[in-house]
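Novice: Numbering (UniProt numbering), first residue to last: 1 to 193.
Just so you know, these hints were derived from the structure itself, not from any lab.
A hint or two may mislead.
Claimed, not checked - Derived lysine-lysine pairs resembling DSBU-like cross-links, with alpha carbons at most 35 Å apart:
(1) Lys-126 <-> Lys-29
(2) Lys-4 <-> Lys-29
(3) Lys-110 <-> Lys-29
(4) Lys-126 <-> Lys-4
(5) Lys-29 <-> Lys-44
(6) Lys-126 <-> Lys-44
(7) Lys-110 <-> Lys-126
(8) Lys-49 <-> Lys-29
(9) Lys-110 <-> Lys-44
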Amino acid sequence: MDQKPARVRIVDAAYELMLGIGLARTTTKEIARAADCSEAALYKYFASKDEIFVTVLAERMPRLGPLLGDLEAGEGDLEENLTEVARQAALFYGQTFPVLASLYAEPRLKRRHDEAMREMGTGPHKPIQGLDAYLRAEQRAGRVRPEADTCAAASLLLGACAQRAFAYEAGGVQQPLDDFAASLARTLLGGLS
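Required output: the full structure, derived from the provided sequences and hints.
Specialist: Structural data, given as structure tokens:
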């Protein structure tokens, strides 16, 4: 039986550990052990645990970033586009919430993680910026009211998706994902167009 390449095993192991015990409690030593490689081998592929985390987000979580980058103003139905963003965002936050929740229990680790994210040019602000840019382009195309606050709209949509993940983890009653996404997009669009 062929064994997966080391990089793939490392990302797989990190994903499973981060989902199981959270980012704060996952160590590079545990990742290496679960990936059946040495810690030194892990550092051949990744500079830090934070870089592994960013890779896990990019390669194992729902594809929110690429979706936002692929949206073109004036293409497709605006409500359908926003519905798909809401759907992917809800999936993304639903999977990342359990991973990141442990960081908030350790403020020093959270600050270190935030610094690493800034150094890598990524972080939780990126989806808001991406959706804001798309909505501003739709504004220029005439499909969003000129006076609409696109940054606030992006924050509302993505914030609702993040809150859904938090409520779901807490055991709250949820609408089915597709109903939630469509309702959120429709409601947001009511204020934008």
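Novice: Does each hint fit the structure? Answer for all of them.
Specialist: Cross-check of the supplied hints:
1. Lys-126 <-> Lys-29: holds (30 Å)
2. Lys-4 <-> Lys-29: Given that 35 Å is the threshold and the Cα spacing comes to 19 Å, the pair holds.
3. Lys-110 <-> Lys-29: holds (20 Å)
4. Lys-126 <-> Lys-4: Since the Cα atoms of Lys-126 and Lys-4 sit roughly 32 Å apart, the hinted pair holds (cutoff 35 Å).
5. Lys-29 <-> Lys-44: Between Lys-29 and Lys-44 the Cα gap is close to 14 Å, so the pair holds against 35 Å.
6. Lys-126 <-> Lys-44: Given pair Lys-126, Lys-44 holds - Cα atoms ~27 Å apart, limit 35 Å.
7. Lys-110 <-> Lys-126: Status holds; Cα separation ~18 Å.
8. Lys-49 <-> Lys-29: holds (10 Å)
9. Lys-110 <-> Lys-44: Given pair Lys-110, Lys-44 holds - Cα atoms ~25 Å apart, limit 35 Å.
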